[in-house]
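Student: Chains A and B, in that order, are what the protein sequence lines are.
Counting from 1, one number per residue, gives the positions in the first sequence under our numbering.
Counting from 1, one number per residue, gives the positions in the second sequence under our numbering.
Hint data in this document are derived by calculation from the structure and do not stem from the laboratory.
Note that the structure is predicted; figures quoted are calculated from it, not measured.
Here a beta-carbon is modelled for each residue, glycine too, at the ideal position from N, C-alpha and C.
Just so you know, not all the hints are guaranteed correct.
Cross-link-like lysine-lysine pairs, in silico, BS3-like; alpha carbons within 25 Å at most [unchecked claim]:
hint, chain 1, residue 1, chain 2, residue 2
1, B, 298, B, 10
2, B, 48, A, 174
3, B, 48, A, 141
4, A, 174, B, 29
5, B, 29, A, 141
6, B, 29, A, 50
7, B, 232, B, 187
Covered stretches of chain A (chain B as the covering partner; in silico rule of three or more C-beta atoms under 8 Å from a C-beta of chain B) [as the list claims (entries may be wrong)]:
hint, region
8, 59-68
9, 267-278
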Amino acid sequence: MQTQELVSIASQVRRDILRMVHGCQSGHPGGSLGCTDLLVSLYFEAMSLKLNTTNDQVVFNMSGLDEDVFFLSNGHISPVLYSVLARKGYFPVKELSTFRKINSRLQGHPTPHEHLEGIRIASGSLGQGLSVAIGVAQAKKLNNDSSVVYCLMGDGEQNEGQVWEAAMYAPHHKVDNLIAFIDVNGQQIDGPTEKIMNNRDLQLKYEAFGWKVLHVNGNDMAELQLCLKDAKNLLGNETPIMILMKTEMGAGVDFMMGSHKWHGVAPNDQQLEEALNQLSETLGDY
Amino acid sequence: MSKYTYETKKDTRSGFGAGMEFLSLTNPKVVALCADLIGSLKLEPFIKNCPERFFQTGIAEANMIGIASGLSIGGYIPFATTFANFGTGRVYDQIRQSVAYSGKNVKIACSHAGLTLGEDGATHQILEDIGLMKMLPGMVVINPCDYNQTKAATIAVANYTGPVYLRFGRPVVPVFTPEDQEFIIGKAITLIEGSDVSIFATGHLVWESILAADILKEKGIHAEVINIHTIKPLDTQAILESVKKTSCLVSAEEHQINGGLGDSIAQFLATTMPLPQEFVGVNDSFGESGKPADLMDKYGLNAVSIAEKALKAISRK
Numbered sequence: 001m002q003t004q005e006l007v008s009i010a011s012q013v014r015r016d017i018l019r020m021v022h023g024c025q026s027g028h029p030g031g032s033l034g035c036t037d038l039l040v041s042l043y044f045e046a047m048s049l050k051l052n053t054t055n056d057q058v059v060f061n062m063s064g065l066d067e068d069v070f071f072l073s074n075g076h077i078s079p080v081l082y083s084v085l086a087r088k089g090y091f092p093v094k095e096l097s098t099f100r101k102i103n104s105r106l107q108g109h110p111t112p113h114e115h116l117e118g119i120r121i122a123s124g125s126l127g128q129g130l131s132v133a134i135g136v137a138q139a140k141k142l143n144n145d146s147s148v149v150y151c152l153m154g155d156g157e158q159n160e161g162q163v164w165e166a167a168m169y170a171p172h173h174k175v176d177n178l179i180a181f182i183d184v185n186g187q188q189i190d191g192p193t194e195k196i197m198n199n200r201d202l203q204l205k206y207e208a209f210g211w212k213v214l215h216v217n218g219n220d221m222a223e224l225q226l227c228l229k230d231a232k233n234l235l236g237n238e239t240p241i242m243i244l245m246k247t248e249m250g251a252g253v254d255f256m257m258g259s260h261k262w263h264g265v266a267p268n269d270q271q272l273e274e275a276l277n278q279l280s281e282t283l284g285d286y
Numbered sequence: 001m002s003k004y005t006y007e008t009k010k011d012t013r014s015g016f017g018a019g020m021e022f023l024s025l026t027n028p029k030v031v032a033l034c035a036d037l038i039g040s041l042k043l044e045p046f047i048k049n050c051p052e053r054f055f056q057t058g059i060a061e062a063n064m065i066g067i068a069s070g071l072s073i074g075g076y077i078p079f080a081t082t083f084a085n086f087g088t089g090r091v092y093d094q095i096r097q098s099v100a101y102s103g104k105n106v107k108i109a110c111s112h113a114g115l116t117l118g119e120d121g122a123t124h125q126i127l128e129d130i131g132l133m134k135m136l137p138g139m140v141v142i143n144p145c146d147y148n149q150t151k152a153a154t155i156a157v158a159n160y161t162g163p164v165y166l167r168f169g170r171p172v173v174p175v176f177t178p179e180d181q182e183f184i185i186g187k188a189i190t191l192i193e194g195s196d197v198s199i200f201a202t203g204h205l206v207w208e209s210i211l212a213a214d215i216l217k218e219k220g221i222h223a224e225v226i227n228i229h230t231i232k233p234l235d236t237q238a239i240l241e242s243v244k245k246t247s248c249l250v251s252a253e254e255h256q257i258n259g260g261l262g263d264s265i266a267q268f269l270a271t272t273m274p275l276p277q278e279f280v281g282v283n284d285s286f287g288e289s290g291k292p293a294d295l296m297d298k299y300g301l302n303a304v305s306i307a308e309k310a311l312k313a314i315s316r317k
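Bound-form chain A, shown alone (with noise of 0.2 Å):
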């Protein structure tokens, strides 16, 4: 796909994210927005994903199978995850609209519990994701099946013991289908990583743990395309592969960049409108 055709589609995804957000005023948009890019990288371009031959749209099938299958492990920027899976045709768009609302699939986090095509399984307690990408990788071995596992977490997720415990057994277990990616937008909850957990050099970590690691400006698609595209062609050498993708929370609208403020908050009317006139509607709102 070209990249202009991807800068699109992110275009209305953010439009998505924060309407979502608005809708139910809650949820968290900032992270959500600096990671649009990647997610509509993957599932628009990089991701192999089973398609129905007659009318192009996509299958969903819990396990994966023969196909490439991606895990959130940041599981709070669902409105990202949802408005791309969403867009990718797996679920109508319409159901955006239910985000965070009684009685929709579209929980706070992301869960499988609802039966919301695309969701393998539920994220939100962070430092799960890595591991449930890494028994699936596995999986895919023992089937003989040849596709790619990818997962994403953020740089405030890397404070988690359990991510260590992963880390050190991907490349124990020459995992070496699955792609990683660490938000590195430099913000958690409490404020910048560095003050409240320094993750000091994570390419050196991760390469003292046996993973060949990579680095992308992830608020560029140029940059995303060909990362990914690199990023493939080092799968198979019995390394796992981890991308740390450097983005700007808020992404996209220039009030909510450079700042932690919108980790978790809702834009009010005129806030969202000031930021869906920075958005062209590319694809329609839902």
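Chain A is already provided as a structure; the job is to place chain B on it using the hints.
Tutor: Just chain B now, kept in the frame of chain A:
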């Protein structure tokens, strides 16, 4: 004396190992994970038969639960194994989110539950695991009584789709369950019929309850002994049918009274048929180091205590 006798004593964890050995040969979807306790969990035959289906996680239980959940997504039937303390309490949130809430077909199979772990002491003697696991929506909780039943339960839970906590122990205990007895999840087994008091027991306390019935028989009291190997879902029908005959009951378990089998039974009967109930279990206390039999005596988890509680329950009718 009761009709129950035994020729050998074996540990329930070896029953688990035998069940896994059977599954290694019969069910290619079964995989096993272990957090650096292969010998304790008796997994050697499984690993020998299908090394590609075994995953050593090292001493990293939280990661093990997540990997197990991932393997289940990929269509496998993972048994995540370690000591009961590390496989439940230590990783409660991982089980809650990545297994129970996510509805994954993961079997958490844990040895060394309860006081009978012995000399290692209270850090390892979890007495809260049944309660922790039964509180999770959708979680099946099973605590078989001997080697044969643990083997049968292991095979049965592999054939059941959904999250299961399978709890067993370290010491050798009498093997009295028939080798060919079918294990039906959620179906209690009446071992001795009686009319004066119902004894509902699970795990290692089932044999002690049989011995308690002998003690009571000498006093002219006919106790009914029922093996509740599945704490959740509870066989409420079997419980109700029994107490309708006996009008009083004792629960017996190697677990905290708070949150265990007795708790589940009391909760059920409170809303259907409230009756005098006495509880044999650990009473809001941690364990300690010692020989398993000495610990069970000290904490009142034996046939004598069960018989005493039965007399008390009868006196309250």
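Student: Decide, hint by hint, whether the structure agrees.
Tutor: So, going through the hints one by one against the coordinates:
1. At roughly 23 Å between alpha-carbon atoms, residue 298(B) and residue 10(B) fall within 25 Å of each other, so this suggested pair holds.
2. Annotation: proposed proximity of residue 48(B) to residue 174(A) holds, straight-line Cα distance about 21 Å (limit 25 Å).
3. Restraint check for residue 48(B) and residue 141(A): the C-alpha separation of about 20 Å stays at or below 25 Å, so the hint holds.
4. A C-alpha spacing of about 21 Å is found between residue 174(A) and residue 29(B), which places the hinted pair at or below 25 Å, so the restraint holds.
5. Taking the CA atoms of residue 29(B) and residue 141(A), the gap is about 13 Å. The hint holds against a cut of 25 Å.
6. Among the hinted pairs, residue 29(B) with residue 50(A) is consistent with the structure: their alpha-carbon atoms are about 23 Å apart, no more than 25 Å.
7. Among the hinted pairs, residue 232(B) with residue 187(B) is consistent with the structure: their alpha-carbon atoms are about 10 Å apart, no more than 25 Å.
8. For the region 59-68 of chain A, the stated coverage by chain B holds: 4 residues have a C-beta nearer than 8 Å to a C-beta of that chain, and at least 3 were required.
9. Under a criterion of three residues with beta carbons nearer than 8 Å to beta carbons of chain B, the stated coverage of the region 267-278 of chain A fails, only 0 such residues being counted.
Checked against the numbered hints listed earlier, the structure breaks hint 9 alone; every other hint is satisfied.
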